[in-house]
Each structure stands twice: as structure tokens, then as C-alpha cells.
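Following the hints, put chains B and C in place on chain A, whose structure we already have.
Those protein sequences? They're chains A, B and C, same order as listed.
Residue numbers for the first sequence follow the UniProt record's numbering, so the first one is 1 and each next one is one higher.
Residue numbers for the second sequence follow the UniProt record's numbering, so the first one is 1 and each next one is one higher.
Residue numbers for the third sequence follow the UniProt record's numbering, so the first one is 1 and each next one is one higher.
Derived from the structure by calculation, the hints contain no laboratory data.
Pulled a few chain B residues facing chain A out of the computed Cβ check, cut under 7 Å:
1) Met-1
2) Gln-32
3) Pro-154
What the simulated footprint calls covered on chain A by chain B, stretch by stretch (three residues with Cβ under 8 Å from a Cβ of chain B suffice, anywhere in the stretch; the number is not a length):
4) 208 to 217
5) 225 to 231
6) 234 to 241
7) 266 to 279
8) 308 to 314
9) 320 to 328
10) 558 to 568
Here are the simulated DSSO-like cross-link-like pairs (lysine-lysine), alpha carbons at most 30 Å apart as the crow flies:
11) A:Lys-554 to B:Lys-50
12) A:Lys-554 to B:Lys-192
13) C:Lys-79 to B:Lys-27
14) C:Lys-154 to C:Lys-136
15) C:Lys-154 to C:Lys-180
16) C:Lys-177 to C:Lys-136
17) C:Lys-136 to C:Lys-180
18) B:Lys-50 to B:Lys-192
19) C:Lys-177 to C:Lys-154
Remember, predicted model here, so these are calculated numbers, not experimental data.
The beta-carbon is built from N, C-alpha and C at its ideal position, and this holds for glycine as well.
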Amino acid sequence: MVDVTPGSVEAIPPAEVPEVELYHPHSWWTTYVFSQDAKVIAIQYSCTAIAIGMVALVLSWLMRLQLGFPGTFDFITPEAYYQFITMHGMIMVIYLLTALFLGGFGNYLIPLMVGARDMVFPYVNMLSYWIYLLAVLVLVASFFAPGGPTGAGWTLYPPQAIMQGTPGGQQAGIILMLVSLILFIIGFTMGGLNYVVTVLQGRTRGMTLMRMPLTVWGIFTATVMALLAFPALFVACVMMLFDRLLGTSFFMPAIVEMGEQLQHAGGSPILFQHLFWFFGHPEVYIVALPAFGIVSDLISTHARKNIFGYRMMVWAIVGIGALSFIVWAHHMYVSGMHPYFGFFFATTTLIIAIPTAIKVYNWVLTLWRGDIHLTIPMLFALAFIVTFVNGGLTGLFLGNVVVDVPLSDTMFVVAHFHMVMGVAPILVIFGAIYHWYPKITGRMLNEALGQFHFWATFLGAYLIFFPMHYLGLMGVPRRYNELGDMGLISDSAHHLNAFISVMAFIVGFAQLVFLFNLIWSIRHGREAGGNPWRATSLEWQTPETPPAHGNFGKELPIVYRWAYDYNVPGASQDFLPQNDPGDYAGAKGH
Amino acid sequence: MSVIIVFLAVIAGISGWWLSQQRLMSKPWLEQGVIDEHGGSLGPAMPTAKVGLGVFLAVVGCLFALFTSAYFMRMALSDWQPLPMPGLLWFNTLVLVLSSVALQVALMAARRGQLDTVRLGLATGGLTAVAFLVGQLFAWRELAGEGYLLASNPANSFFYLITGLHGLHIVGGLIGLARTSFRAWTGTPARKLALGVELCAMYWHFLLFVWLALFVLFAGWAASFIEICRQLLT
Amino acid sequence: MVVALLLVAVVVGSVVFHFLSPWWWTPIASNWAYIDNTIIVTFWITGVVFAAVVLFMAYCVFRFRHREGNTAHYEPENKRLETWLTVATGIGVAAMLAPGLFVWHQFVTVPADATEVEVVAQQWQWSYRLPGQDGKLGLSDTRLVTPENPLGLKPDDPNGQDDLIVEAADLHLPIDKPVKMLLRSLDVLHDFYVPEFRAKMDMVPGSVTYFWFTPTRTGSFEVLCAELCGQGHAFMRGIVMVDTPEDYLAWVGEQQTFAQLTGTQQTSAAEPTAP
Chain A
1 MVDVTPGSVE AIPPAEVPEV ELYHPHSWWT TYVFSQDAKV IAIQYSCTAI
51 AIGMVALVLS WLMRLQLGFP GTFDFITPEA YYQFITMHGM IMVIYLLTAL
101 FLGGFGNYLI PLMVGARDMV FPYVNMLSYW IYLLAVLVLV ASFFAPGGPT
151 GAGWTLYPPQ AIMQGTPGGQ QAGIILMLVS LILFIIGFTM GGLNYVVTVL
201 QGRTRGMTLM RMPLTVWGIF TATVMALLAF PALFVACVMM LFDRLLGTSF
251 FMPAIVEMGE QLQHAGGSPI LFQHLFWFFG HPEVYIVALP AFGIVSDLIS
301 THARKNIFGY RMMVWAIVGI GALSFIVWAH HMYVSGMHPY FGFFFATTTL
351 IIAIPTAIKV YNWVLTLWRG DIHLTIPMLF ALAFIVTFVN GGLTGLFLGN
401 VVVDVPLSDT MFVVAHFHMV MGVAPILVIF GAIYHWYPKI TGRMLNEALG
451 QFHFWATFLG AYLIFFPMHY LGLMGVPRRY NELGDMGLIS DSAHHLNAFI
501 SVMAFIVGFA QLVFLFNLIW SIRHGREAGG NPWRATSLEW QTPETPPAHG
551 NFGKELPIVY RWAYDYNVPG ASQDFLPQND PGDYAGAKGH
Chain B
1 MSVIIVFLAV IAGISGWWLS QQRLMSKPWL EQGVIDEHGG SLGPAMPTAK
51 VGLGVFLAVV GCLFALFTSA YFMRMALSDW QPLPMPGLLW FNTLVLVLSS
101 VALQVALMAA RRGQLDTVRL GLATGGLTAV AFLVGQLFAW RELAGEGYLL
151 ASNPANSFFY LITGLHGLHI VGGLIGLART SFRAWTGTPA RKLALGVELC
201 AMYWHFLLFV WLALFVLFAG WAASFIEICR QLLT
Chain C
1 MVVALLLVAV VVGSVVFHFL SPWWWTPIAS NWAYIDNTII VTFWITGVVF
51 AAVVLFMAYC VFRFRHREGN TAHYEPENKR LETWLTVATG IGVAAMLAPG
101 LFVWHQFVTV PADATEVEVV AQQWQWSYRL PGQDGKLGLS DTRLVTPENP
151 LGLKPDDPNG QDDLIVEAAD LHLPIDKPVK MLLRSLDVLH DFYVPEFRAK
201 MDMVPGSVTY FWFTPTRTGS FEVLCAELCG QGHAFMRGIV MVDTPEDYLA
251 WVGEQQTFAQ LTGTQQTSAA EPTAP
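Next comes chain A alone, as it looks inside the complex:
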């Protein structure tokens, strides 16, 4: 082995993997459809996720029509309403956010950012996408099945999820939902193995863990969590499928349904809730951690300053990831589980606020004394901080067991989780798309449309979800298709509901503008060049834009520094790419 000592740069052999197994595509089909290139798979994942996400957006419009103007739209029956909320929630959480962050951004960014030619198991990676697509198609099929999709709420709590009183419960809806989830988990596991092992094994020379951009840290940790958490959903889905199809009693106790005794006996609905939330809580952070990572990089690049407290940021990501596995039962404070669990889970839940708060401080301290370019990605990053802080703080209400008692199952919860894991991560996704679109297509997104999209989305979403907390505080329960003549609800609350619905349409419309921008700019956007944001991380240093198959041309880059060398005192320019040897001779060593 060649002796490599710092200072003897000539002695470093080219970092070319001797047997780069490049799966060079040979035909149109293997280039664009059955491609094993992580970048193409990323785009396939993203397009599918956005397409199904649009369905969920339309569903949210429909339910806002019903909530804002009850009784006006006859076609939105209670059954239909419950089907809308269920599919909206499930699609947004799993098929959009999880798939887009990990399957989309993970696939595109991990190999490029760590300096790899591709994922380590490209064939498995390709399968992952096709199974995901199949899962989406099964989900879509449930809309056309007799009885329609399931209306059990995205939490799918038994017994009602598989009973007659719930839309799709005794028809195909719930079965297709469960099958789709099982497929999704299988597909995700295939992709997830790739993301994790690529970070473990595929990093280029010099790319130590502590030199990775926080985006990679976020996606990596989230993937590890997802790999360990999704099995819980898998177990819950399989067992529920058995209960529904084969008459077992895992979750089903003795039940009298509409005066008729069912065959089940002795099962425990709480068992399902434990399994579901054992997946469900880490899932929140599976969505949040990639957002944390990406937003750190956006802020640092566009404020031309290193991320403040990088080490703390890494430790916080790992710490949050670990802690998030022991807080799941805070979703079950009023589920009837043993009340003494409340003490434990309230404590762990509030402890997790500390590393999360550290991350927020470090983001704003990165802005402090920076050189803030108010580009569209930066605007979205700022908006993320506002909404995330807001949603995170209301989490302290709901995590604190006794405060949760009056607020749980009200609109307060709906407002909280939309703010913290709906709006906040979506804002990061938008910021990230504006940021990396030039790398993916070679062209910039239109700035004016971007400004409109940003302001409408941020302010609109804030106006939707901030007042909604107060409806919950008043006692308006969630998952009510209409409030009717509820005594405790004043007329003004109905006006507020109508206002929220109008805002929802405005925000939704802004997304159509964004979609137009995405398509229009592929051809008509301004030429971006290889590194329009003058960023340091490796994906901006590729010889070609968009990066060609194999990412880095003949030789893989060698990494000489961390990803945040912006405005280093004494440096010749305001950023030093990670593969820039710079003043290597004068290195401070390690």
C-alpha cells in the first residue's frame, strides 16, 4: 500500500476505483426507464411522489370545501370525507414526504455528495423504485375499487379500520391500503440499504464522516431510522391483514357491531397502536432529519458562512435519531394505556426538544454576522425556521402529557403536525428544488415565479395553520366532517373555517404555478453553469452539468476539507470546494 502522509501530495494515487462497475446503459429503455443510475432513479422517485402528492393536494381541497362550506357540496358525504382525509394523510406522509426525501433527494445527492459514482447496489436500487411505483399504483387502484379507498384515518386504528361502519373496511379499500404499505416497505428497504451502505462504503478518499455535508448526515440517519422503524408498520399491516382476511384476533377483541356479535375475541387494539407509533414517531423524524440537513446546507451556502457548530449539529442529528425510538407512546396519552407510562414518555419527549432547539439556535447563529443572499432557497430556509419553531413549540404542549389531555384529537393537533411535519419539510423541499434544480437540469428556475410561489406558500400556509390551533384550543375535534350545531362553537369559528379554506385554495394554486415553473424552466430557464451558488460540496464540482453517468468523469474527486469553507480568512475566494487542495502545504494537520 502506498504510504500516504500529509504534505506529500504527489504520493497520492488517483482515487479511481480499479474496477468501477459502471452499468453503462445501452438503450433508451435502460437509460430512461429501467435505469440503474441513482440520478435517474431519483428523478423517477421525485416525479412519482409529486404526481401522487398532487392527488393528495386535491383531496385536501375537497375536504377544505366541506369544512369551510358545510352542506354546500352534496357529493362530499361523510364516507367520502373520511376517505379524503385518510388518503390525504397517508399519501403526504409516506408516499410523498418519505419517498421524496429519501428516494428522491437521497438518491440524487448521496452519491454526488460523498463522491461516489453511483449507489453501491444499483440493481437493487432500480427495483426499489419499481416496487415503490407498484405500491403507488395499488394505492391509486383503491380509489377505483368497489366501496372506494379506506376511510379509517391515516392511523388505520383497528377495530374500526376493518369494520363495516368505516368506508372500505369490509370492502377492498383497507386491503389495498395494507398491501400497498407492505409493498412500499419492501421497496423502501431495498433503497434504504443502498443509501446507508453507500454512505458507509462509497465515500471517496478524504471524505471522512465529519466532512460530510449535513444533508448527507440527515438523510443517512433518517434512513437508518426508517430501516428500523418501518418493520413495525410491516408487522402491524401483516397482522391486520390476517385479522381482516383470515379471521384471526391479533387486534380484534369481542365486538358487537350494530347488534351483531363478531367472530373475533380477545385481541388488543392497543397492541396495534404501539406497533403503529413505534413506526409512526420515528417517521416524523425520518421526514424531519433530511429537512434539517438540507436546510443547514441551504443556510450556510446562501449566507456564505460555515454552518455554526457543525459538530453539535451532527451529534444532535444522531441524538434525535436515537431518542426518537423511545418517545412513541406520546401519541397514546389518552389511548387508555397504563397511565404511568405518561411520566416516562412525557420526559423523553421533552428531552428531545433540547437537541432540536440546539439545531434551531445554530441555524440562526449561522445567519448572525453572515453575508445573507436572499435567494429563493434562502427564503424557503428562513420560512422553514419560522414554521418549524412554531410547530416545534406547540409540540411541547402536546408532548407534556397532561396538557395533551384536553388538546389531543382536536384541531390543535392537526395544526401542530401540519406546521411541523407538513409545512416545514415541504418548504425545505421547495428550497432544495430551487437550490439543486440548476444541477439537475443545467438551468435556473424562474425567479419571479419563485418569489410568488414562496410568498403565497409561506404566508398562506401560516395563515391556514396558525389560527387552526385556536379552533383546537376551543375544543373543535379533528376528523369531523362537519361541526353542525355544536353549542361550544361560535359563529365566528365557522367564518374562520371558511377563511382557512380560501387560503388553502390560494396556497394550492401557488403550487400549480410552481409546477409550471418546473416544466417551463427545463427549456426556458437561464443557463446556470456548473456552480451557480458558488457552493463547496462535491455535487457542484462535477465536470458536467447535469452530471453524466458515473458522476465525476475519469477520476473521483479527492476531498481535502469539510463542506463549509466559506469566507475562510486568508483564502483567495469566498468559498473553497471540498476537492480544492488550497494551501495544502500549510495544512494545520490532524
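Using the frame of chain A, we list chains B and C on its own:
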């Protein structure tokens, strides 16, 4: 949920140990130049496929740990009636042990370059694994014949569900084993087979371990063991 | 500039909205004012943090926005500042958690003199059962539910014979007497929720859950189901009346016991299956 928590604690321990080797306390902004990991050698220390399989086995382990957790939680409810263990399961266990041993022999032979022994090991391993699956099916039939049907008691439901999933994992392993065997019979030199055989052996040992754990669980020894621990603690 | 102003506007707007909004919790009618107080404490702490973070951000955006010749300051980390912030956050979290856990302890500790009242939920109506003269509720089992025995009481349990059955009607409670609500469901998950009482708990088929409270105000309060229970979820309403002791006794006198209910039907119904 204690089983899965213990399992995750083990995973967390391994990850923590690994992270502690990664200089997480270093100050990356002070370090310029190439830092070579893995003690200065280039390239990863472990074959990528092996790391990949390791991560996958952690996921599979998580799955079975969760089933075990669910098993214990459901078991605590009043309608639970343990089902008798067919004697055939002892025989199946023996066959699965044999299968694992055969693959281990194949692995050692592959490292020494003895192609014939590799082939023998792979064939024995594959056939015994198939025999195990057939044995499991007979055990199912025996139980069903005695009236222990899937839906009649949660203990039965869990038994069929978990053994079924374990069997499916063995079927998946057989596909991998078939690929390696194909290479062994189409002229790949023994030493080049070593990695493939090692992956199969790893997977087999893991599934054997899972099976032993499940056997202990179904036989009711796990519950008695936990009961003893609880009594010792209080 | 515009961005900084808008960030300030978000904070000011949120605070103004908080204080001026006509949408606030319903006047409390139980002893759980503690919960309201904990929420107020939490509002203050989180409100201050929210305003501080966003205003600081607005200041940064204004003060350090890009202008020609600006360069960012180079500061990878600041151990002291980070430690200080972590400790401050820890204190803030503890200040919310401690009262929270204290009140939770009260919430789960049912006073010895609480009378038991059973709520039985099914799709999509509320029924109730009160212990009769003996002060004890009889045993029940979902398997025993029939049209004649809607709550599934065990016919041979002497404790159950004098239980008052209130099927799909209003519940009355005496003022200032602690009650332990025993919650039971015959089919799916439900949640007994009266916003004015602040307390709520899921009802899980196959087990009995509970919470306790003391009504402190007479009046009529609406019961809502707070756990999705199928397509009739939003229409699963009921009424709880908190009465003066005299009114309450008068209402109790009008209710039928289990023995009376079954007795009237014994003639028509065949001998029930062995329990």
C-alpha cells in the same frame, strides 16, 4: 415492547461503537488535506456486499424482534392458550443446524480453494434447507390436523404467521444460494466464490439463530425465563 | 428589508392574534383548572422563545443582508454560547415538564370518595350505567350484549341487579362530587370528550379505561366523540347535565334498574345462555 427495545439497544450499541471510531469529536474546520480512514489503507476494509447483508440482517432482526414483542404483549391477555410443540420441530431444528454447518464447511473450503468440497457443502446446505421447509409444512399439517387452526387462538395465529415468515426468508435465501451454486458449477474458481458463499453462510447462521430464538419462544421457555428473571429482580 | 419586516410582522401578528382572538377555550366546568394553568405557563415560555428566535432572525436578515463588499464572519463554533443556550433550554423544558408531571400525577390518582359512573359507547351513541343502592357496578361482558341487555351485564351478578341503565339518553351528575368515569366500548375505539371538563380518554373495546374529575358548574354540556369511530363519528353526540344535589336525586329516581329492565322482558325472552 421490551424485546424490540433490547434489540434496538444492541443495534445502538454497535452503531455507537462504530461511530466512536469515526473521530466524531474532531474539529473538521481545522483539518485540511487528505485523511485516510481504515488505518491508512485505501478502499473500504470490508466488502460492500457483506456490509449490505449486515444492514439487511439488522432489518430482518428488527422484524422478528417486533413480532416477538407483539407475541409477548398478546400473550399477556386472557384468551391465550399455548399450543403443543410437534416433535417434528426438533428434527427440523437439527436439519437447519446441519444446513448451517454445511455452508460453513463450504465457506472454509472456498477459502482453501477446494472446489469439490464447496460444491458438496452448497448442495448439502441447499437440500437440507429445503428439507427444513418441507418439515415445517408437515409440522403445520400435523397441528392443523389436531385442530389447532390459524384463527382459533392467538397462539396458533402467531405460530403460523411467524414460522411462515421465517420460511419465506429461507426461500429468499435459497434464491441467493442458487445463484452462488450456479457459479460454482459453471467454472468460477473456488476462491472467487468465497464472498458469495460467505454471504450465504452468514444469512443461514442468522436465520438459524432466529429459528432457535423462535423455538425457545414457542416452546414457552422464553416466557418462563422472563418470569424467573422478574422473580429474581423483585 | 421586506423580508425582515415580514418576519417581524409574523411575530407581531401572531402575538396580536393570540391576545385578540375570540377563539379561546370554553369556560371550565371541572376541577382541572390546573391543566389550564399548565397550558398558560407553556404558552408564555413557548411564546417568548418563538418571538425571540424569529425577531433575532429578522434582525440578522436586516443587519447582515448581502451588500457589496460584505463578507461573512468566520466562526465555526462557540462552545460557551452553545453550552449556555443548551442549559437555558433545559431549564425552560424543565419549567414546563415539572408542573405537567405534577398535574398528571393528580390526573391519574383517583380520590377514594369518587363515585363510579360507567360510560358505554357504541357506533354511534352513548349509554351510561350508575351503581345502584349498593354503590357497586356489576360485571359485564361484550359477549352478553343482546337487545334486551344492551350493555352486556352479567345477569347472575347480584351487584349488577340494582345498576341504573341509561340507554342512549342524557347523563346527569351531581355538582362538586368527584366521579370516576369508567369507559367501555362495545365495538370500536371512541373517546368520551366534554370540552368544558378538559379531561378525556379513549374507550377501548375489550378493556375498561377511566379518568376522574369533579364537576364544578351546573349546566348542560355537550359530549363529543374524539376518536375516529367510523362514518358517524361527527354525529356521535350526547349531553351531560351537571345538577344540584336535589335535581340529581330527582333524576336518579326516574331511572330504571337492570333488574327492572330484564324483569319486564323476562316473560318474552327465553332463559339466557349460561354465563
